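With chain A held as given, fit chains B and C onto it using these hints.
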Amino acid sequence: MASLIATARPIGRHFGLVAGALVLVALLLASWFLPLPYDPIRPDAAATLQPPSARHWFGTDSVGFDVFSRTIAAAGRDLPIAFGGALAAALIGVFLGLLSTTKGRGSAFLMRSLDAFQAFPLLVLAIAIVTLTGNRLEMVIFAIIIIEAPRFLRLVRAEGLAIREARFIEAAEVIGAKPLRVLLVHLLPNVSGVIAVQLSIATANALMVVAALSFLGIGVSPPDPSWGAMIQAGARQMTGGQWWVSLFPGLAIFVVVVSLNMVADALDVILERSVR
Amino acid sequence: MTSPATGRDTGPADAAREALAPPAPHRGRAFRGMVAKRLAFIPLALFAVITISFLLVSIMPGDPALAILGSTASEREVAKVRGELGLDRSLSERYITYVGDVLQGDFGRSFFTGQPIRDEIVKYLPASIELVVMALAVASLVGITIGTAAGYFRGRAPDRTVRVAIAGLEAIPGFLAGLLLIFFLFFLWRLAPPPTGRLGIIDVYPPPVTRFLLVDLILAGDWNGLRSALHRSMLPVLTLALGAIPLFAKITRTTVGNAMGSKQIQYARACGLSEWRVVQYALLQARTPILTYTAMLFGAMVGGSAIIETIFSWQGLGQWGLKAIVALDIPAIQGFVIVTGLFTMLVYLVLDLVVAALDPRIRHG
Amino acid sequence: MSLHVRDVETRFRTASGEIHAVNGVSFDVGDGELVGIVGESGSGKSVTINTILGLIRAPNTISRGVATFGGRDLIAMRSGALRKIRGAEIGFIAQNPFGALNPVLRLSRQFENVVRAHRRIDRKTIRRQALDMLGHVGIHQPERVLDGYAHELSGGMAQRVVIALALMLDPTLVVADEPTTALDVTVQKQILDLIAALVRERQRSMLIITHDLGVVANYCDRVVVMYCGRVMEDGPVREVFRRPYHPYALALLRSVPRAGQSLETLGGRLPKLNAEPVGCLFRDRCPQSKDICASVTPPLREVSPGRKVACHLDVETEVPPLVAG
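Protein chains in written order, with this note's numbering: chain A, 1 to 276; chain B, 1 to 365; chain C, 1 to 325.
Hint data in this document are derived by calculation from the structure and do not stem from the laboratory.
Please note that a few of the clues may not be correct.
To be verified - Straight-line distance between alpha carbons at most 16 Å, and here's what the computed EDC-like set of lysine to aspartate or glutamate pairs gives:
id: 1; chain 1: C; residue 1: Lys-290; chain 2: C; residue 2: Asp-314
id: 2; chain 1: C; residue 1: Lys-84; chain 2: B; residue 2: Asp-216
id: 3; chain 1: B; residue 1: Lys-250; chain 2: A; residue 2: Asp-265
id: 4; chain 1: C; residue 1: Lys-84; chain 2: C; residue 2: Asp-170
id: 5; chain 1: B; residue 1: Lys-263; chain 2: C; residue 2: Glu-178
id: 6; chain 1: B; residue 1: Lys-123; chain 2: B; residue 2: Glu-275
In this text the structure is predicted, and so the values were computed from the model without any measurement.
Pulled out of the complex, with its shape left as it was, chain A reads as follows (with noise of 0.2 Å):
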């Protein structure tokens, strides 16, 4: 009794990261894995619009689509997106943080572009340089990029700059370890934990831009289903009451949106504690 108490107070301590881990990861093995009732993308024109019942769980949308099998099946194309750009745009905001916390003028220039460039509703531009491009799927990881990679930047910049004042980095300065040596050994591994806590709410936050992408009809080819595309498809029935269109794709994102602000929270507390 005692022992099992034991091993249950780390996972309940951990519950945000296991619970919203789990989640995810359960979405994305039953977008790829599970049998769906339905093609999710072949409607069945006799069907159209049908409220969620025991044969169409989520109900079906105007064209006669099955909301369930589609808000499963968008899983694997809206998450990976959203990771890969959160990823891409780490890996670049990490590097010239990195690089800002180097004294010099060309990190001042950096900055200051980052406040200019900052200033444009970010969202608004992307959605141009998107279209503009062409409209294709791998600029949408791009427009992820643009948006969530200053926010690395400055995280990676504000800790860095924090631990470039500790003691070790000015010793190993001074022992003549290069540069480069002083960012990627001794910067890196001590802001590691900000960025796995950041890169789970940039992944948040892109998830919310590929769907705002998809919900105008940007990066997505139609009768592929993405959340966002499926709550544009529903927009028009909310003033007629067929709620069911729009919402299961909408929940779809608030679950695994909050699945990864639970992950970041835990991964917050869980680093605080083992700082201290």
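Only chains B and C this time, still in chain A's reference frame:
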């Protein structure tokens, strides 16, 4: 002089300085200096904004004219668009012409409506500003209130409740929130009018004096129209506010929470000030970060509220810009980028001035 | 009015366990008495005072014990009632005036806020009283100070303003938490002279928290020596300084530089306070410690009239005198 901002005496001659320093001969010099510095930043920022908007055309793959017109266009049409885009000239030549035109207020004409872009901006920008101002008013009121409660009771039940609410709100995309509000408030409960624009079919648009619809309605004395317009603002304002509430609540929670643990608040409580007064002191400390957030949101939302404007047919700058983007209306896209960027810069400038004017340490530097 | 503190305990529950910050502190401040609490940083001096004044807000804090002030127990008191005592009956002088005063409010507003928190007086009267009080604390141009902001003042001036604020409502007890540590050495003496003079002149009681033995020696009647959230020794300043009984008090006094003597330092470090403390907390650093010191917590016992020590040793014989020989 001592450094008043850090609040510490450093020199050894403190005893001699026990008498109050004579009145500073240049009261407000620091303030004026700061204003000058900020104003000097504007041309630089303007230059950056124009450059980014110019470069947008160059990122188009292949022949932009063909992309805009589609492959079925005739050669004459393509040549015409190429001419309008200036693609027959060199990049540097085009850039200089472009900067010159923009600085003279000439943003070109829309490919599709043929209207001067400047006129379109003047027509659509006020609606966006009205929407964002209303949304920020609602969001700041709600967000600051719940954020203060959470910060004051940090770690206790009210804090936990607010944090769950924030986490929930943050996970709902704005457009989904808008659709849900339409479903509940319009379809189910009939509390709001349908999402079909700023005025009903029977309402008459007032003469455009300021071009701010609500202001013009007041100026025209059209109270029924005003009531209708406000009623129709309910859903979009609420939608946009729901997105901003978590941000206000978070920044307030953090700053008020930190302030509550500060020496200043501890001293205020040691002097026996009432808890209301203590909260007021804490909010005074939180003032600058909250103002900064408001300005950032204001800048980002004008233009950034494009999707919400589209859902509710608000006819604002965002909706116009989004339409231009989807239609590849290059001059309109460029005008949109310049205006939104410049608008944000102006908001930041005003923010800096307001923050400086509110802080006696800067004001009387 | 006198303050009687008995067995005050404060614990903070944190994620990594409980921290026992204050572990049964007792002392008295008699009518018209100036008492100094000395101890290293981390000895629980400030936490004790904050507990008594009800200034600890952190959730998961446990406070126990009794602190009687004018016949009322401050620790058991409801927060609203305690608030009315703070500022009015107990004046408070903060450590760093610039950290304490509100930077964005005119000082006149801050005087008004403090007075109005306790009494219904009109602005004009408050202003007259504030000007009066600023004059008392040695500010030459009170008008200009009152209409200005805290950042326009020098450190010494700002601390005078804080003193004026503390005395505005004529409190019977003044609590000063390290009142001069944030100030230049040259100003420290002026400020302490001023505080002591004002308190004595009005025949009020005062509690000074400090880590500076010189402050205690020059201004206080009685001294309370704290270590790890416990009182080690309590007695009249003259007697304790001439012949400390507790080995910790002895070590503390020996660490003060004196002409013609080599400076002694105290080895070891403060024990961690995250477990229920048992035995004497000074034992690891005490040259005279015995087996009993580890197992039994020494009670604070009266060894001679007015002098209390928390030590298992026979203090008269087993603790060496301050000056060897």
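key: Pairwise hint evaluation, Glu-178/C against Lys-263/B, where the allowed Cα distance is 16 Å at most   = Roughly 13 Å separates the two Cα atoms, so the pair holds.
Distance restraint between Lys-250/B and Asp-265/A, which requires alpha-carbon spacing of 16 Å or less = holds, 14 Å
ask   = Quick one, are Lys-290/C and Asp-314/C close enough, alpha carbons at most 16 Å?
value = holds, 12 Å
Pairwise hint evaluation, Asp-170/C against Lys-84/C, where the allowed Cα distance is 16 Å at most = holds, 13 Å
ask   = Can the restraint linking Lys-123/B and Glu-275/B be considered satisfied, given a maximum Cα separation of 16 Å?
value = violated, 48 Å
inquiry  = What's the verdict on Lys-84/C and Asp-216/B, does the C-alpha distance respect the 16 Å limit or exceed it?
reply    = Violated, because 53 Å separates the two Cα atoms, which is more than 16 Å.
The structure fails hints 2, 6 (numbered hints given earlier, in ascending order).
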